[in-house]
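Last residue of the sequence shown: 971 (this note's numbering), numbering continuous.
The reader is advised that the hints may include incorrect statements.
[Unchecked claim] Straight line, CA to CA, 30 angstroms or less: simulated BS3-like cross-link-like pairs of lysine-lysine:
| hint | residue 1 | residue 2 |
| --- | --- | --- |
| 1 | 940 | 813 |
| 2 | 888 | 940 |
| 3 | 813 | 870 |
| 4 | 907 | 940 |
| 5 | 870 | 888 |
| 6 | 888 | 907 |
[Unchecked claim] Simulated restraints on C-beta separations:
| hint | residue 1 | residue 2 | range |
| --- | --- | --- | --- |
| 7 | 857 | 813 | 31 to 37 angstroms |
| 8 | 947 | 870 | 14 to 20 angstroms |
| 9 | 857 | 945 | 26 to 32 angstroms |
| 10 | 831 | 878 | 29 to 35 angstroms |
Hints listed in this document are in silico derivations from the structure and should not be mistaken for laboratory results.
Every residue gets a Cβ at the ideal spot worked out from N, C-alpha and C, and that includes glycine.
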Amino acid sequence: MCGIAGRILNAPGKVGADLVELMDAQEHRGADSTGFAVWGVPRDDGYIVRAMGFDRTRMAADLEDFRAILKQHGSDFVEDPTWDNDRSKHYSVRMIIRDPADMAEWVKAADEICDRLEMQSVGRSLEIIKDTGGAYAVADKHGVRDMIGTHGLGHARLATESDVRPNASHPF
800 MCGIAGRILN
810 APGKVGADLV
820 ELMDAQEHRG
830 ADSTGFAVWG
840 VPRDDGYIVR
850 AMGFDRTRMA
860 ADLEDFRAIL
870 KQHGSDFVED
880 PTWDNDRSKH
890 YSVRMIIRDP
900 ADMAEWVKAA
910 DEICDRLEMQ
920 SVGRSLEIIK
930 DTGGAYAVAD
940 KHGVRDMIGT
950 HGLGHARLAT
960 ESDVRPNASH
970 PF
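Produce the entire structure from the sequences given, and follow the hints as far as they go.
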């Protein structure tokens, strides 16, 4: 059993805040994890990468490995990555990167470290945020309420076919 909601705005606005309230109302449909897909204001260049790491004690090493792969493909961070300050073993990171020379080759190379740092989304406007917990807990941890955009989806999950893990959360 799960709950799904969406929101479309005519112009960029606080779609993240709207989604949080919609998903809180859906929590009775699934309370073990919540996810959001938010389409923000599109970037002219570069990509927003949302990723999840599975061992917080390795975060610095994982990000260095990820950056090395970026550099091998003609890219780098546009600004310093940001991450959650939660105390859980897993961590979520948001990165803005320059366009890789060959997107498909870069994704293939980055996928080789997905057992340590798994990409959740790569887009000029789309950001996927998913984690264990209810709508308010996930929103607080990842800053969803402050996300500006034109549309989005939310998903409250009750795990029936897999374990309760942050990377098994939905959407996508």
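Now for the hints, and whether the structure bears them out:
1. 940 with 813: holds, 17 angstroms
2. 888 with 940: This hinted pair holds, its Cα atoms lying about 14 angstroms apart.
3. 813 with 870: violated, 34 angstroms
4. 907 with 940: holds, 29 angstroms
5. 870 with 888: holds, 27 angstroms
6. 888 with 907: Cα-Cα ~26 angstroms, so holds.
7. 857 with 813: 31 to 37 angstroms: holds, 35 angstroms
8. 947 with 870: 14 to 20 angstroms: Between residue 947 and residue 870, where Cβ atoms are some 30 angstroms apart, the hint is violated.
9. 857 with 945: 26 to 32 angstroms: With a Cβ separation near 28 angstroms, residue 857 and residue 945 satisfy 26 to 32 angstroms, so the hint holds.
10. 831 with 878: 29 to 35 angstroms: holds, 33 angstroms
The structure fails hints 3 and 8 (numbered hints given earlier, in ascending order).
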